[in-house]
Amino acid sequence: GQSLEQPSEVTAVEGAIVQINCTYQTSGFYGLSWYQQHDGGAPTFLSYNALDGLEETGRFSSFLSRSDSYGYLLLQELQMKDSASYFCPQSGAGSYQLTFGKGTKLSVIP
Amino acid sequence: GAVVSQHPSRVICKSGTSVKIECRSLDFQATTMFWYRQFPKKSLMLMATSNEGSKATYEQGVEKDKFLINHASLTLSTLTVTSAHPEDSSFYICSARSRVGLAGETQYFGPGTRLLVL
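One line per chain: the protein sequences are A and B, in this order. Here the first sequence is numbered in our numbering, starting from 1 and rising by one per residue. Here the second sequence is numbered in our numbering, starting from 1 and rising by one per residue.
No lab work stands behind these hints: they were computed from the structure. Computed from a predicted model, the values in this text were never measured in an experiment. Every residue gets a Cβ at the ideal spot worked out from N, C-alpha and C, and that includes glycine. Check each hint, because a few of them may be wrong.
[To be verified] Heads up, simulated DSSO-like pairs for lysine-lysine below, C-alpha to C-alpha not over 27 Å straight-line: (1) B:K41 x A:K102; (2) B:K41 x B:K55; (3) A:K81 x A:K102; (4) B:K66 x B:K14; (5) A:K105 x A:K81; (6) B:K42 x A:K102; (7) A:K81 x B:K64; (8) B:K66 x B:K55; (9) B:K66 x B:K41; (10) B:K20 x B:K55; (11) B:K41 x B:K64; (12) A:K102 x B:K64; (13) B:K42 x B:K66; (14) B:K41 x A:K105; (15) B:K14 x B:K64; (16) B:K20 x B:K64; (17) B:K14 x B:K42; (18) A:K105 x B:K66; (19) B:K66 x B:K20; (20) B:K55 x A:K81; (21) B:K41 x B:K14; (22) B:K20 x B:K42; (23) B:K41 x B:K20; (24) B:K66 x A:K102.
[Claimed, not checked] Some residues of chain B that are not near chain A, with every Cβ distance over 10 Å (derived): (25) T32; (26) S43; (27) L76; (28) H85; (29) P86; (30) D88; (31) I93; (32) S95; (33) T106; (34) Q107; (35) G110; (36) L118.
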């Protein structure tokens, strides 16, 4: 399957909606997580999808389509504090390890 | 939510010395902890997986004799960078695995330790 891929950078306006896409490796895939990391900080867990469909947590939603090896993170009502890097590490069946890609740097502008 | 701490947050040391970094799960038991390394504006690179009471499993290319990992209890794992050199300067982050509700295989990350070797 293809490697874990995300856009390297995304810019969006405060108050808008932004979608960050992620395609992952199909071999041994078990689930897809989303983490937020501010500059100089540690990753913070946002959501996890193991089954197809949408998971909603406040302003953030995450979607997974196993048939398309694809997922996305949807951020609504963007705030300046949402400016950060977003990672979609995948986990494998029988393994608790997360495989991280290069992440997407989101910049929210006024 | 689950809290993971790391100590120290920053350390500066001379080349050739050893540095120990502690990772603690504060409000849950972590049977598995992970150690990552991250270079500026880069992804997290998994260094090793640490299971309580057993030897750590190192990723390919990571020297186990240089990066000593001890997972002595369900709440503490330590990473010791032995004979540190300037190329070991990096941001080291630990995480602990927690099965929390329906969140699946969630990992909770510590705040990281920034190591600078002079």
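Status of the hints after comparison with the structure:
Between K41 (chain B) and K102 (chain A) the alpha-carbon distance is near 8 Å, which keeps this suggested pair within the 27 Å criterion. The suggested pairing of K41 (chain B) with K55 (chain B) is violated, with an alpha-carbon distance near 31 Å, which exceeds 27 Å. Between the alpha carbons of K81 (chain A) and K102 (chain A) the distance comes to roughly 21 Å, so the proposed pair stays at or under 27 Å and holds. Between the alpha carbons of K66 (chain B) and K14 (chain B) the distance comes to roughly 16 Å, so the proposed pair stays at or under 27 Å and holds.
A hinted pair counts as satisfied when its Cα atoms are at most 27 Å apart, and K105 (chain A) with K81 (chain A) qualifies at roughly 13 Å. Distance hint between K42 (chain B) and K102 (chain A) is fulfilled; the C-alpha atoms sit about 6 Å from each other, no more than 27 Å. For the hint pairing K81 (chain A) with K64 (chain B), the CA-to-CA distance comes to about 38 Å; that exceeds 27 Å, so the pair is violated. The suggested pairing of K66 (chain B) with K55 (chain B) holds, with an alpha-carbon distance near 15 Å, which does not exceed 27 Å.
Note on K66 (chain B) and K41 (chain B): the hinted pairing holds, with a Cα-Cα distance of about 24 Å set against a maximum of 27 Å. Restraint check for K20 (chain B) and K55 (chain B): the C-alpha separation of about 17 Å stays at or below 27 Å, so the hint holds. A threshold of 27 Å between alpha carbons decides the hint, and for K41 (chain B) with K64 (chain B) the separation of about 25 Å falls inside it, so the pair holds. Of the pairs offered as hints, the one joining K102 (chain A) and K64 (chain B) holds, with about 25 Å between alpha carbons and a cut-off of 27 Å not exceeded.
Annotation: proposed proximity of K42 (chain B) to K66 (chain B) holds, straight-line Cα distance about 22 Å (limit 27 Å). The hinted pair formed by K41 (chain B) and K105 (chain A) meets the criterion: a straight-line CA distance of about 9 Å does not exceed 27 Å. This hinted pair checks out: K14 (chain B) and K64 (chain B) have alpha carbons roughly 21 Å apart, not beyond 27 Å. Taken as a hint, the K20 (chain B) and K64 (chain B) pair is honoured in the structure, with Cα atoms around 14 Å apart against an allowance of 27 Å.
Annotation: proposed proximity of K14 (chain B) to K42 (chain B) holds, straight-line Cα distance about 25 Å (limit 27 Å). About 32 Å separates the Cα atoms of K105 (chain A) and K66 (chain B), which puts this hinted pair outside 27 Å; it is violated. Proximity of K66 (chain B) to K20 (chain B) is assessed by CA-CA distance (about 12 Å); at most 27 Å being required, the pair is judged to hold. Between K55 (chain B) and K81 (chain A) the alpha-carbon distance is near 40 Å, which puts this suggested pair outside the 27 Å criterion.
Annotation: proposed proximity of K41 (chain B) to K14 (chain B) holds, straight-line Cα distance about 25 Å (limit 27 Å). With a C-alpha separation of about 23 Å, the suggested pairing of K20 (chain B) with K42 (chain B) holds against the 27 Å cut-off. For a cut-off of 27 Å, the pair hint linking K41 (chain B) to K20 (chain B) stands: about 24 Å separates their Cα positions. Distance hint between K66 (chain B) and K102 (chain A) is fulfilled; the C-alpha atoms sit about 26 Å from each other, no more than 27 Å.
Some Cβ of chain A comes within 10 Å of the Cβ of T32 (chain B); the nearest lies about 5 Å off, and the non-interface call is violated. A beta-carbon of chain A is positioned within 10 Å of the beta-carbon of S43 (chain B); the least distance is around 5 Å. With a cut of 10 Å on Cβ distances, L76 (chain B) stays outside the contact zone with chain A, its closest approach being about 18 Å. Here H85 (chain B) stays apart from chain A, with its beta-carbon at least about 23 Å from theirs, past the 10 Å limit.
With 10 Å as the threshold on Cβ separation, the claim that P86 (chain B) sits away from chain A holds: the shortest Cβ distance comes to roughly 20 Å. Consistency note on D88 (chain B): stated as away from chain A, and its beta-carbon is indeed over 10 Å from all of that chain's, at 19 Å minimum. Interface exclusion of I93 (chain B) from chain A breaks down, the closest Cβ pair being 6 Å apart, not more than 10 Å. Distance check for S95 (chain B) against chain A: the nearest CB is about 8 Å away, which does not clear 10 Å, and the non-interface claim fails.
Not every CB of chain A is more than 10 Å from the CB of T106 (chain B) (nearest about 6 Å), against its label as outside the interface. Annotated as non-interface, Q107 (chain B) brings its C-beta within 10 Å of a C-beta of chain A; the closest such distance is 6 Å. The Cβ of G110 (chain B) sits about 6 Å from the closest Cβ of chain A, inside the 10 Å cut-off, so the non-interface label is violated. The Cβ of L118 (chain B) lies farther than 10 Å from every Cβ of chain A, with a closest approach of about 20 Å, so its non-interface assignment holds.
Hint check: violations occur at hints 2, 7, 18, 20, 25, 26, 31, 32, 33, 34 and 35; the rest are consistent with the structure.
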